[in-house]
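Please build the complex by placing chain B on the supplied structure of chain A, with the hints as guidance.
Number of protein chains: 2
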Amino acid sequence: MALAKGRGLFWPTAEIYGGAAGFYDYGHVGALLKKRFENAWTSFFVDGGEDYYLLDASNILPEKPLVASGHAALFNDILVSCTKCKTYYRADVLLSDLGIKVSEGATAEEIDKLIAENIVRCPKDKGMMEKSRPFNMMFDLYLGPERSEKGYLRPETAQSVYLNFFREFNVLRKAMPLGLALIGKAYRNEISPRQGLYRLRELTQAELQIFFDPENWPVALDKFLDRKLNVFFYQSGGVEKISIKDIVEKHGIPKFYAYHMALIDIFYKQVLRIPESKFRFFEKGGDSKAFYNKVHMDIEVDVESWGGFKEVGGLHYRTDYDLKSHSKGSNQDLSVNIDGKKFMPNVLELSFGVDRNVWMIIDVLFVKSEDRSIIKLPPYMAPFAAGIFPLQHDEAIEKAAETLYRKLKSQFKVGYDSAGSIGRRYARMDEIGTPFCITVDYDTVDKGSANHGTVTVRYRDEKKQERIKIDDIEAFLAKHLRLDVQSLY
Amino acid sequence: MALAKGRGLFWPTAEIYGGAAGFYDYGHVGALLKKRFENAWTSFFVDGGEDYYLLDASNILPEKPLVASGHAALFNDILVSCTKCKTYYRADVLLSDLGIKVSEGATAEEIDKLIAENIVRCPKDKGMMEKSRPFNMMFDLYLGPERSEKGYLRPETAQSVYLNFFREFNVLRKAMPLGLALIGKAYRNEISPRQGLYRLRELTQAELQIFFDPENWPVALDKFLDRKLNVFFYQSGGVEKISIKDIVEKHGIPKFYAYHMALIDIFYKQVLRIPESKFRFFEKGGDSKAFYNKVHMDIEVDVESWGGFKEVGGLHYRTDYDLKSHSKGSNQDLSVNIDGKKFMPNVLELSFGVDRNVWMIIDVLFVKSEDRSIIKLPPYMAPFAAGIFPLQHDEAIEKAAETLYRKLKSQFKVGYDSAGSIGRRYARMDEIGTPFCITVDYDTVDKGSANHGTVTVRYRDEKKQERIKIDDIEAFLAKHLRLDVQSLY
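Residue numbers (the numbering used here), protein chains in the order written: chain A, 326 to 814; chain B, 326 to 814.
Calculated from the structure, these hints are not laboratory results.
Don't take each hint at face value.
One copy or any two copies: either way a pair holds, since identical chains are not told apart in the list.
Unchecked claim - The calculated BS3-like cross-link candidates involving lysine-lysine, where the alpha carbons are at most 27 Å apart (straight line), are:
hint : residue 1 : residue 2
1    : K566      : K635
2    : K510      : K389
3    : K548      : K732
4    : K804      : K794
5    : K619      : K667
6    : K738      : K804
7    : K594      : K738
8    : K475      : K510
Okay, chain A solo, but in the shape it has when bound:
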């Protein structure tokens, strides 16, 4: 957090008032990094392969759809508190932290039984625990002049997409599969929000919902058959390195599901550049699986500051649960008719926590050596494309540097820095992951020099330096910053 604050990444909301638990604001560097993640995600998942689309929807939803979706009744955590100090705990977290296994949908009665059996006391003062109770995690609010209409802040962006499916399907000329993506906020009144952008009360999700005919979704799986992934399977109870071919054939995972596992694997390893050993899928089964999911895998990354592998996203085969629920709730038949076949579309959900991914990227790509610290971001992920430095306080040099800066800034996000030694300026750029530093010096402006009209470009990771013509800098940056997702499919 100290690093995040000092570098303009993020810090608690309303920090000058002491902050607010579970809420963070992004500073200028963090906001750019978050945006880069969102753009890379959109390029890869929405624009990369099929023709998918992006929506933008209200954070506030009326009550009815969230009754129909089951959230009003079931979006609960079990809450326990200490009889002495009154501290509140999320029961599953309290018990898990003590090494006690809790199933995903455990009821208050089951929790009380586990507390009694294991003689659980308050970690703070050893007080006895109160009887536990379900706690709905949605924020409710009241609309209209009489505050008589109940509404909720949406607990997941997915619901906004399900509610818009039917109109989009009709606008988009009625073809399947239909992918609708949404990047936006979701809200959860977490009992114990945690540090490190992991458990927030207001979070950003990037989700792609793909609506499809379960009997007819051909995917180009052949090219990925030999690709090997790290997967924890619920049945076998261990992590294995396994090919897509075996995931389908030995574990019976549907082909369309395995295809998207491959895409997610490519995104983490080749777009975000997360080392292979730090990335895996973790299958949920039995009690730990959400009831509406037919296949449910978490996307996990090994994050040192979180103490190991933690969830940063998920791949969920939600069947027709969502559209069926909303058909019933709205009294509108949301089934579709394609070439004379009437059916309720199924949903495959690719879900990512944006804030968690931002934190994860910083943690995993942060490298501290003796002489410097770097965030080794891929160039297209870096908040700033380049730093532009005049070597010294000299009118001609500063003018040339500023001209270059003005020229570049209409196309790229670049930073101008003339303060302190070049070494100090390199360090500041390294610290926020800027891939290139461009220095304008005497040679640049000296018409008699063999290097007239050139600048020094320094590469962040290798510290390699090369002279490049000023006129070629735009093309150089464009080449290095381009994320070509087409070649990854």
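Quick look at chain B alone, frame taken from chain A:
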């Protein structure tokens, strides 16, 4: 609204449940248009001139800062209702609609007096009006396991920026002016939300807050001195076409304020391409001016579907009101010290309603002629850069068209359309403002043809067609879609 629904622009939130008053969702075309507006705004105001920065912050704020800012006590509308039918009205809107002048900060007592004097009855059933009362427009919610901590959805994005000013100022090496921008949601429990994205309960704002030393903010006004703007001045009570020079000299508007009027004028006329006659500034004064503003002008556009000139943004010289309030509320001294001079920064706010601007752009740039309807968006504002069409069902043609489409889609948003006649396909692209249609035909794939390797590019507005080499299409689109803001400063 019919047009908006049919073309994938926007429609009521939770439409299948009958919608929710004051809430809209954007479909894929609308979400892209909204994003284009946000990107053009950011390019021009944040990246274009000075080195300004973008933040990203929580929608939920704790109670204290909104008490300090005055919103908890003062962010009220006056509510009146009918004794017979119980319909609620926003008093100022009800009275204005009847041609009765109401001052901006009118109290409930003043409203009751106006109602009595003018013998105002319910427009629906002529019932007598109840006594009016203030109604706080913020949505409140309750955080934590006991729901004991009160919070609010922010009523304006500006507050998020003021709360983050002090840390950003320190991260960004303590220079003035410091511009911090934020594009995000704001929430207002409007008594009578209106159609047409004009008065929403959840809206998107794009705001730039510039913090500066009131005694020292040099601006490059010279180049704009002769620029003429349409301005309504409070004192003179009429609209005049007046130069920046005269705005400063005759009306005593501060230079830094006039400079930003010129920028906003450039943005509307040259970036968004709103006709000169439809754009003006409208100065607020006396009762109609927010009490913390020293100079306050609305940005207004003449929008047919709104019945005339309406507010789409504002330029507000807020003085040091905001930082002073938060200094007091947080017990933190937010004044700054630059080169030995200690002072409380002043704020100039450039505020834009994104949803209103999206609606306005569609209304103003929509052209319906006998044979077609077009949205005449500047190319960089169009949801889709181009439509790619195979002329006919032919294997070679379709393959070539798809190859071109795949190549372009990693860099631009393009649409592929092979359904129906070419005329019908042109029409569909015209209707959502796509600037170019690219047709692959027999000549494209016929090695014997003089036009081998070329495609037909059709320009939206002129219907002009030209043959261009396939290999040059990327450069062609890049050139036409580039928004060069540097040249506008």
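Please write out, lowest number first, the hints stated earlier that are contradicted by the structure.
none
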